[in-house]
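Residue numbers (this note's numbering), protein chains in the order written: chain A, 1 to 537; chain B, 1001 to 1293.
Please keep in mind that the hints were generated in silico from the structure rather than gathered at the bench.
Where hints are given, some of them may not hold.
[Unchecked claim] Here are some, though not all, of the chain B residues that point toward chain A, as calculated from beta-carbon distances under 7 Å:
| # | residue |
| --- | --- |
| 1 | Gly1216 |
| 2 | Ala1221 |
| 3 | Thr1239 |
Cβ coordinates follow ideal geometry from the N, Cα and C atoms, glycine included.
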Amino acid sequence: MSKSFAKIMLLIALAATILSACSPAGESSSRPTASASNNEITYATAKDINDMNPHLYTGSMPAQGMVYESLVENTSEGIKPLLASSWEISKDGKVYTFHLHQDVKFHDGEPFNAEAVKQNIDAVQHNAEKHSWIKLSTKIVECKVIDEHTVQLTLSEPYYPALAELSMTRPYVFLSPKDFKNGETMNGVNGYHGTGPYVLTAHEPEQYATFEANTDYWNGAPSIHKITAKVLPAGETTFLALQKGEVNFAFTDDRGADSMDVEAMKQLEASGDYQIVRSESMNTKMIVANSSRSGSPVHETAVRQALWHAVDRETISRDIMGGTETAANTLFSSNVNNADVPLETRSYDLAKAGSLLEQAGWKLDAGSGTRSKNGVPLSMSMYYDSNSSSQKIQAELIQSAAASIGIQLKLVGEESASIANRRTTGEYDLLFNQTWGLAYDPQSTISGFTSENAYLHTTQGIAQSGQLYEKINQVMVSSDEQKRKALYADILRTVHKEAVFIPLTNGNITVVAPSNLQHISFKQTQYELPFELMSFQ
Amino acid sequence: MNVWKNSAMDKMGQLSLIVVVGVIIAGLSAPVLAPHDPLAVQMSLRYAEPSWEYLLGNDQLGRCILSRLLYGIRPSVLAVLVVLLLSVLIGAILGFLAGYFRGKTDTWIMRICDVVLSFPGYVMTLAMVGILGVGLENILIAFVLTKWAWFARVIRTSVLQYTEMDYIQFARTTGMGHGAIIRRHLIPVTFADIAVTASSSVGSMILQISGFSFLGLGIQAPQAEWGMMLNEAREVMFTRPEMMLPPAIAIVIVVSAFHFLADSLQVALDPRLRQSGLQPDRLPDQQEVAVRL
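Given the sequences, and given the hints that come with them, work out the whole structure.
This is the structure in structure tokens:
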């Protein structure tokens, strides 16, 4: 017995030595500049790039953004040309005529021309149900080839966000017609040849994918030769891989989750090998309340408002996000188009929350500490992304504050795909989510209120949902700027009053990159990074 | 008690027993012992260093780690003991039935055991959590449903050794009922085997529960559990490695204590010792048999 005891002590000592060797203090690992000299970027991604078919929704958007391009581009100065060098819009706002760039080729050598545009748009339209969240898909009547480099898009009615929606990462981007299966893309495709600056050259599922610079890129070959997406599901492995130089780049993923925590990033920056670049505020991180769930307390406006008051945004912003994100009090921050609407600020106020619940008839049960009404306990489930290092902490903070006013929150951590599925099927009370980013806010996010794939369940249960949907339809077809503004203000006031979107913080994209990487910039969309503009010193 | 006397010779066994009993008592009386509310969030104390008020420091939400550790004993250790008791009970009943009656009963029970045992335990548990949903209760149910077969098999083997022995045959010929034979002649002799197998599997079950909670399948927030605390510490593994120590050390100590205890129990209850006739509790049995004859 004493022998085995000694053995175990030895083992513990050994384990301790190994562990301490892992600590950053004893770090003497190779520097990330090793890969920088190869002019390559290897980025860490929590998830595989998955299906790169740009007309479906399972692929990784940053990867698709490198390979495929849209007709026009959404920039901070408005819509700019991309694959279409110019366009005209008819007087009635129904007919869009695009003049395409002439010397563009797909990665497989096929010419990019009006016929290819028509085939792609038709393929998207044939799968209309999948794309119902993007309202343009319900307005396109016809896509007509005028000549080799001119294409005409006819809408059923004027639709002002048409160009903005054509600029999105998907689905209106272009895949070589040779990759189509029987003229369609909805049942899978034979290859992933786009027109973008990078070509997908290898993909080992759940391990890595490599993208090489498209030397024939019509807009000039990019400076970074090769980009590799390496699957690293956990934050600590990403941190170690960055430290060892196995990967040299990491950024906020398309679900808004940073796998590394703020302090780990600061440690990397302090080493001098890395820089941290943050975009301006891109979106609003929020808790979405399922107002249409009639059996649950979340159906009640007062409960949702009380929960809103129970969120300590300042603490989340300062302590959990380390000051990198600002507290948000409205669904859209005021710099979003048409969203500068004065709305009542519901600050962190537990007394107010308690009295709201009291007025609504939720009485505190002294025994359990949970409120109830007509025998229904005030208990709700809250779903968070288990890959996000900060969501669980936020959830627990809110849970603890809510418990003190008699609201019981059950926390459930799930994969992001499962959360997205819950949003579609309506099987949730509360879940963590984010608005779709500057390129999509407010028009697409608001259109999403009426789409089952997005926020239909969230908004359906509010008292004036019929009126709300009517206004959303009006705003999208209205051509009068002033009228649009007034309608948006109405819509935002309604959802704010009903407290179905409980804002937390204004999120941004954080990039951890080698310190000698230059020209790191951001697009209007949070789902893509302009890798083609970056270069090493 | 003979067990205590024999293991009294073994210092390690004694120490382990003290640790195990101490941990169980600490878990039961957590509300009295814990210096703070384990769920009280205080963001101003986020990741605070150990202090006199918070002996082990505070976690990512400023909660008292010591208090969470104490409350964590309940799901991590006490729940495991309950599950163990249940699975041993089911296993023992079926094992005795199979080993004592043999024949068709034996065949049926053992084939069912074969079916249950032919799936890897982790996979079975994961499948059941998939069906029943995440949560500590569901994992515990899954444990009971998968572990009993193993106990049934071990206990059956142990019972088989004795059913063929002369004194059992004698008891049968004298017309003693099956129940009485099992109760008076089999349970006392097989109890040692049961105790040893049960105590040696506690360790692995504690590790498995912690493992599932680490994966987020076990107890749900905000309740404390050692595996979950370890998972929370994992996220700051390189910035605050010290956060991993309290739950990790607690798991190591408790699991080692159970293993050492199992070892000592085995030595103390070794069948060879028993056959030397030194054990007082076996004497009445033998006397009784003699009288009846």
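### Query
Minimum Cβ distance from Ala1221 of chain B to chain A below 7 Å?
Because about 5 Å separates Ala1221 of chain B from the closest Cβ in chain A, which is inside the 7 Å limit, the hint holds.
### Query
Was the hint right that Gly1216 of chain B lines chain A, CB cutoff 7 Å?
holds (5 Å)
### Proposed interface contact between Thr1239 of chain B and chain A, which counts if any beta carbon pair is under 7 Å
holds (4 Å)
In this structure, none of the earlier numbered hints is contradicted; all agree with it.
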